[in-house]
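Put together the whole structure using the sequences plus the hints.
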Amino acid sequence: MSMVRLVLEYDGTDFHGWQSQPSVRTVEGVLREALRQITAEEPRLTAAGRTDAGAHSHGQVVGVALTREWEPQRLTTALNAVLPKDVAVRRAERAPEEFHARFDALSRTYRYLVVARRERTPLLRRHAWQVTGDLDVDAMRRAAALLRGTHDFGAFGRSPRPGGTTVRTVNHVELRRISPLDGEPAPVYAIEVSADAFLYGMMRGIAGALVAVGRGRMSVDSVAAMLADPHCGATVTVAPARGLHQWTVTYPAVPAAPATETSA
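Per our numbering, residue 582 is the first one in the sequence shown, and the count goes up by one each step.
Please note that a few of the clues may not be correct.
[To be verified] Keeping only pairs whose Cα atoms sit at most 16 Å apart, straight-line, the calculated EDC-like set for lysine to aspartate or glutamate is:
1. 666 - 609
2. 666 - 590
3. 666 - 614
4. 666 - 592
5. 666 - 595
Since the hints were made in silico from the structure, they are not lab data.
Shown next, in the form of structure tokens:
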């Protein structure tokens, strides 16, 4: 058995999320088809996370268990030759045979993009959430600071397992202005959150809450109340998937698997 770790980048606009589903286009589905074409195998896959329909990734990590050995760069080139244009393998590398993309991850980082502009934003419409009017960025940053640490985030998302814990640890949270396009006249903000793990919908729930604070529709105290008691009665409008970007996944440093003679 040969384990390969792939790092993928994709525009999720035209996908029904990561996970394979019957009769709809998914990122896992097109990757499996590309692997079948290139390797003539149907390997076991593990992924660092299940991105939502319409969400994007700059660093989705996928573990691929192959029976034949492939040189990583050759596999990268071959897959990119057959994958659709909205998915690319950024790199491939050998990994230990027991590698699991989800369970071995130490932390994940997501970014959520928000543009504050009254006019339409044709160039950002697929990758950011447009809100009209100005945002109170100082209030958003005060609310964001409350998210750091270990909390019950049940008001912002749900556990991937029925009855599972909704406690997560946020290691880093930041709201900053960025310039994704030269000459972009409207403020574009990135909400960046790193955590040990995320609940389903958690990042979009956080983005929805912070934008509500910025628009004066929710108080900083309400965010504090939701962290103190997920059942306090306060609710958030979940931000649309188009602004969500899976950014990076970190793993423990491990020695590289020994190279063997390739067969491709």
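Status of the hints after comparison with the structure:
With a C-alpha separation of about 15 Å, the suggested pairing of residue 666 with residue 609 holds against the 16 Å cut-off. Only pairs whose Cα atoms come within 16 Å are accepted, and residue 666 paired with residue 590 is accepted, the gap being roughly 11 Å. Between residue 666 and residue 614 the CA atoms are separated by roughly 14 Å; this keeps the pair inside 16 Å, and the hint holds. Distance check on the hinted pair: residue 666 and residue 592 sit about 9 Å apart at the alpha-carbon level, within 16 Å; holds.
At roughly 11 Å between alpha-carbon atoms, residue 666 and residue 595 fall within 16 Å of each other, so this suggested pair holds.
In terms of the numbered hints stated before, the structure departs from none.
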